[in-house]
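**Student:** Hey, can you work out the whole structure from these sequences and the hints?
Chains as they are written, first to last, in the working numbering: chain A, 41 to 321; chain B, 41 to 321; chain C, 41 to 321; chain D, 41 to 321.
Hints were generated in silico from the structure; no laboratory data involved. Keep in mind that the hints are not guaranteed to be accurate.
[To be verified] Computed list of lysine to aspartate or glutamate pairs in EDC-like fashion (alpha-carbon distance at most 20 angstroms, straight line):
| hint | chain 1 | residue 1 | chain 2 | residue 2 |
| --- | --- | --- | --- | --- |
| 1 | D | 199 | B | 218 |
| 2 | B | 264 | B | 313 |
| 3 | B | 236 | D | 218 |
| 4 | C | 236 | B | 231 |
[What the hints assert, rightly or not] Under 7 angstroms between C-beta atoms, here's a sample of chain D residues computed to sit facing chain B:
| hint | residue |
| --- | --- |
| 5 | 61 |
| 6 | 194 |
| 7 | 220 |
All values derive from a computational prediction rather than experimental measurement. Note that the Cβ used here is the ideal one computed from N, Cα and C, for glycine as well.
Take a look at the letters that make up each chain.
There are 4 protein chains.
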Amino acid sequence: MTQQSFLSVASKFKAVFLDSYGVLKNYNGLIEGVPDTINFLRKSGIAIRVLTNDASRSQQQQAEGFYKLGLTSIESHEIVTSGMMARQYLQHKILDGKIAYLGTENSAEYILQSGLEHIAIRDVQFDAIDDISAFVFLDDEGFDWNSDINKTVNLLRRKNIPVIVANSDKLYPVSRNDVSVATGGIAKLVENMLTKKFIHFGKPDSQMFMYAFDELNQFGNFSKNEILMVGDTLHTDILGGNKFGVKTTLVLTGNTRADNAETQIDSSGIIPDFICQSIVT
Amino acid sequence: MTQQSFLSVASKFKAVFLDSYGVLKNYNGLIEGVPDTINFLRKSGIAIRVLTNDASRSQQQQAEGFYKLGLTSIESHEIVTSGMMARQYLQHKILDGKIAYLGTENSAEYILQSGLEHIAIRDVQFDAIDDISAFVFLDDEGFDWNSDINKTVNLLRRKNIPVIVANSDKLYPVSRNDVSVATGGIAKLVENMLTKKFIHFGKPDSQMFMYAFDELNQFGNFSKNEILMVGDTLHTDILGGNKFGVKTTLVLTGNTRADNAETQIDSSGIIPDFICQSIVT
Amino acid sequence: MTQQSFLSVASKFKAVFLDSYGVLKNYNGLIEGVPDTINFLRKSGIAIRVLTNDASRSQQQQAEGFYKLGLTSIESHEIVTSGMMARQYLQHKILDGKIAYLGTENSAEYILQSGLEHIAIRDVQFDAIDDISAFVFLDDEGFDWNSDINKTVNLLRRKNIPVIVANSDKLYPVSRNDVSVATGGIAKLVENMLTKKFIHFGKPDSQMFMYAFDELNQFGNFSKNEILMVGDTLHTDILGGNKFGVKTTLVLTGNTRADNAETQIDSSGIIPDFICQSIVT
Amino acid sequence: MTQQSFLSVASKFKAVFLDSYGVLKNYNGLIEGVPDTINFLRKSGIAIRVLTNDASRSQQQQAEGFYKLGLTSIESHEIVTSGMMARQYLQHKILDGKIAYLGTENSAEYILQSGLEHIAIRDVQFDAIDDISAFVFLDDEGFDWNSDINKTVNLLRRKNIPVIVANSDKLYPVSRNDVSVATGGIAKLVENMLTKKFIHFGKPDSQMFMYAFDELNQFGNFSKNEILMVGDTLHTDILGGNKFGVKTTLVLTGNTRADNAETQIDSSGIIPDFICQSIVT
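**Tutor:** Structure follows, in structure tokens:
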């Protein structure tokens with residue numbers, strides 16, 4: 041598969057869905073040249089949505105983050121996070137009781153704001169769990185891994201309640217070479233201990249694509265073949281985009297390196313429609 | 041979890057999504073009393089959609105099938121099949137070349153009607169595969185399992201193309217006690233041989249729920265918490281409904297038996313909002 | 041399957057292999073009546089071996105532990121641990137370099153005593169990893185879960201070296217109701233992050249059975265059908281014994297409860313030859 | 041990892057364990073030069089054992105096969121097959137009843153010769169299954185895939201009996217480019233349908249290594265670090281040899297090609313001690 045210019049690929053579409061980490065930014069901050077690409081898309085009248093597997097910050101916080109980095113035109117409503125999907129789910133499906141969680145106060149604040157009480161796993165008393173009606177894996181910080189992961193396993197052995205994973209990514213990069221186990225990795229550990237399947241939010245699942253598609257169509261008339269999904273990860277961005285039925289572009293500025301992109305595509309069977317070095321050229 | 045009357049549960053919703061096999065009918069034909077329930081729902085102004093993992097017959101053929109069984113009010117547009125989702129995908133994503141398939145002429149006819157040529161795996165010549173651009177698992181009949189499954193494995197070892205599974209069910213019931221390996225089971229065998237992941241259509245994946253939800257909203261204004269998904273299988277109907285964010289009812293007239301429903305719910309962690317004996321009472 | 045008296049079952053064999061936790065002892069100490077059973081077996085001339093998935097203590101430490109609990113006749117050589125198997129592997133296969141590990145000093149002391157240097161993961165410097173030739177998951181204590189598990193992931197991303205799991209149990213019980221994630225669970229998390237398979241020691245794998253069988257045959261002439269494996273866990277003790285080709289007895293004093301033993305046997309397909317309430321009667 | 045001369049590597053050992061297909065022979069017959077290597081090993085006093093995942097032919101038939109191809113010195117007792125392990129298991133563990141099977145008469149003949157009656161799945165009557173005490177997957181021929189695989193699924197849904205897979209290989213090569221689904225692949229399909237785990241024989245499991253090691257030690261005194269396992273497949277030969285604790289050599293004349301050996305070793309984490317082009321040089 042030959043590499044193409046992103047700008048010429050994108051020009052054929054009415055909207056682009058962009059992953060955030062590995063596409064717009066990396067561990068160093070904004071990827072060089074990205075603001076120019078965003079400006080080009082804006083001028084060309086191409087709609088932009090950012091689809092990010094993240095449950096630690098709200099839409100507003102994300103938009104402010106982009107603003108500080110120099111991407112001043114990204115508006116809150118253009119951002120779709122896996123955390124929003126988890127929040128929506130909780131609002132529709134969990135109507136009473138208390139929601140226990142693993143994560144930070146901050147993420148609990150915005151995701152669990154459905155009127156129901158929430159409680160950090162460390163504060164749960166095992167002799168008073170009758171009113172706990174759901175459990176949420178929010179993020180990988182804000183708790184003691186040893187004691188709080190074990191406590192989560194034991195709570196979920198005692199009570200069969202819906203368990204929601206607000207970000208299903210297994211790993212996230214923390215520097216050029218290093219990664220850190222993410223929420224989805226911790227949730228997977230607990231799933232393995234219990235041999236149960238939790239409800240995962242985030243790409244490659246369709247919810248974020250669906251949401252972005254519906255929201256976008258409030259601003260015009262977009263069909264799936266007029267939309268391009270852009271991402272750096274085959275198993276989330278490209279698989280998810282392919283399943284949703286939009287065209288997909290793999291960029292090589294994040295998880296997938298130029299020197300083994302072909303090998304990974306061959307061995308996974310996840311095939312992007314286009315490959316571009318970055319979104320910059 | 042205590043069993044409830046389906047009619048009183050359903051009365052609280054504006055629309056019900058019904059699985060077909062195990063809910064409306066079984067190996068014997070229509071489940072006794074089902075026409076009365078459908079009439080009750082119609083009279084109560086509750087919208088009905090049938091969501092079925094099936095790729096062997098078109099919407100029209102399905103509607104005619106219900107008509108012959110005595111369910112005369114189910115219209116074509118009220119039926120959503122996994123085969124329709126696969127067809128839609130192929131139309132959006134596979135724009136040229138030839139589509140190879142495993143299945144019957146009949147299913148190929150209606151799913152692969154996208155203008156592209158299609159070819160049964162048995163007719164594929166390995167020295168002329170340059171123009172084959174996708175592969176579809178359609179159904180479990182219409183081919184020789186030994187030679188054609190092996191030929192599929194070898195085609196997909198030679199060519200890395202998108203592979204679509206038009207019905208991801210692993211098994212289907214053929215009598216009171218017996219089952220038969222379904223399309224999804226055969227596709228899983230081939231995935232195991234190649235250690236690749238194909239693109240699966242059908243519950244629990246969200247596409248059919250999405251489609252039914254959007255189609256329904258052309259006839260009125262339905263929000264997710266006004267919709268009830270009804271099914272006999274935890275891993276497809278209930279998991280899918282839960283992930284999509286609608287309320288779910290497990291019925292005990294199909295795959296899940298009354299005597300081990302609780303055990304299966306506990307061990308899988310897939311929790312319906314309601315349990316009813318059948319949709320009849 | 042009807043329950044039988046353990047003493048009458050055991051009487052038909054020349055040797056019994058006993059799991060430790062859930063068979064001889066539990067979170068409370070020795071299971072009541074166990075010393076009488078051990079005496080009965082000794083008097084009947086039935087050889088005893090204890091096969092335990094444990095890498096935290098040496099044979100001698102294990103034997104002393106039994107002695108203190110009141111099982112005074114268990115000798116060091118009658119105990120086989122998964123840690124011994126890991127040590128043996130390291131001695132045969134890792135002949136130079138340094139062995140990095142996750143676990144306590146104590147377990148590192150006796151397992152890594154092969155003449156090679158060993159180093160805790162927290163002390164590894166990523167700019168000096170050239171001489172690290174293997175990695176061992178020893179136990180679930182002695183390190184910071186957050187920082188040291190992440191550091192392990194990053195070491196193993198940098199260097200493709202043999203990785204050994206000295207105890208493949210995922211969970212261990214800490215009280216009547218509660219469990220704790222064990223070494224095998226942590227190793228599984230890291231395997232998932234890397235999508236690699238490590239080398240696991242401990243039941244159900246055959247190494248401990250093999251070792252016990254060979255060691256036993258230095259004291260007489262025992263064939264496989266003269267040996268009975270006794271355990272409380274289907275997936276380790278019973279599966280392992282079945283695969284090794286000895287007869288197996290499930291006891292109900294540990295992981296498998298009387299009220300769902302049949303369900304677990306049916307759903308797993310792991311079938312013991314006998315079921316006994318405990319080894320006491 | 042640099043490639044080495046097989047003859048100089050082998051010279052450091054007292055015994056070599058050789059995989060058959062991909063090491064000694066391929067779809068064309070004997071690999072050129074192999075008889076010279078066997079002669080070299082014989083003259084050097086290095087013991088030879090052939091470890092092959094095969095359940096379709098007995099030791100004698102295998103030895104005759106080698107003889108006809110020109111490997112005249114391989115004796116029956118030097119051959120270890122996964123089928124022999126399955127037979128041994130059945131003899132120890134299944135003491136009465138009838139053994140049902142999927143496979144050819146020929147393989148049934150030599151594997152099921154334990155005095156018990158055996159019956160092909162196609163001849164099983166579902167109203168007379170009380171005396172069926174075990175099921176064996178023997179090979180991939182001798183039955184109708186569609187009807188007999190489905191019948192196997194339904195038998196095993198009706199009766200929870202030990203299920204043995206006499207050869208766990210998923211695929212075998214039938215020509216330079218093509219493969220065929222093997223016994224282990226068919227068994228895996230049925231395991232997926234039932235969500236049960238069967239008892240698998242063949243590399244990478246330890247039974248064949250154990251058997252070869254014990255048999256070898258009747259002819260002398262061999263320790264594990266004096267033995268070299270040679271194979272063309274990382275997941276069976278090399279993983280199995282590594283777990284058993286002997287040194288391992290990957291050869292590039294079969295499943296693993298020279299151009300992606302390093303990639304496969306990196307991505308699987310299965311690391312041979314040596315890599316040689318073939319056993320010939």
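**Student:** Work down the list of hints and note, for each, if the structure agrees.
**Tutor:** For each hint, the structure was consulted:
no.	hint	verdict
1	199(D) to 218(B)	holds (13 angstroms)
2	264(B) to 313(B)	holds (14 angstroms)
3	236(B) to 218(D)	holds (17 angstroms)
4	236(C) to 231(B)	holds (18 angstroms)
5	61	violated (17 angstroms)
6	194	holds (5 angstroms)
7	220	holds (5 angstroms)
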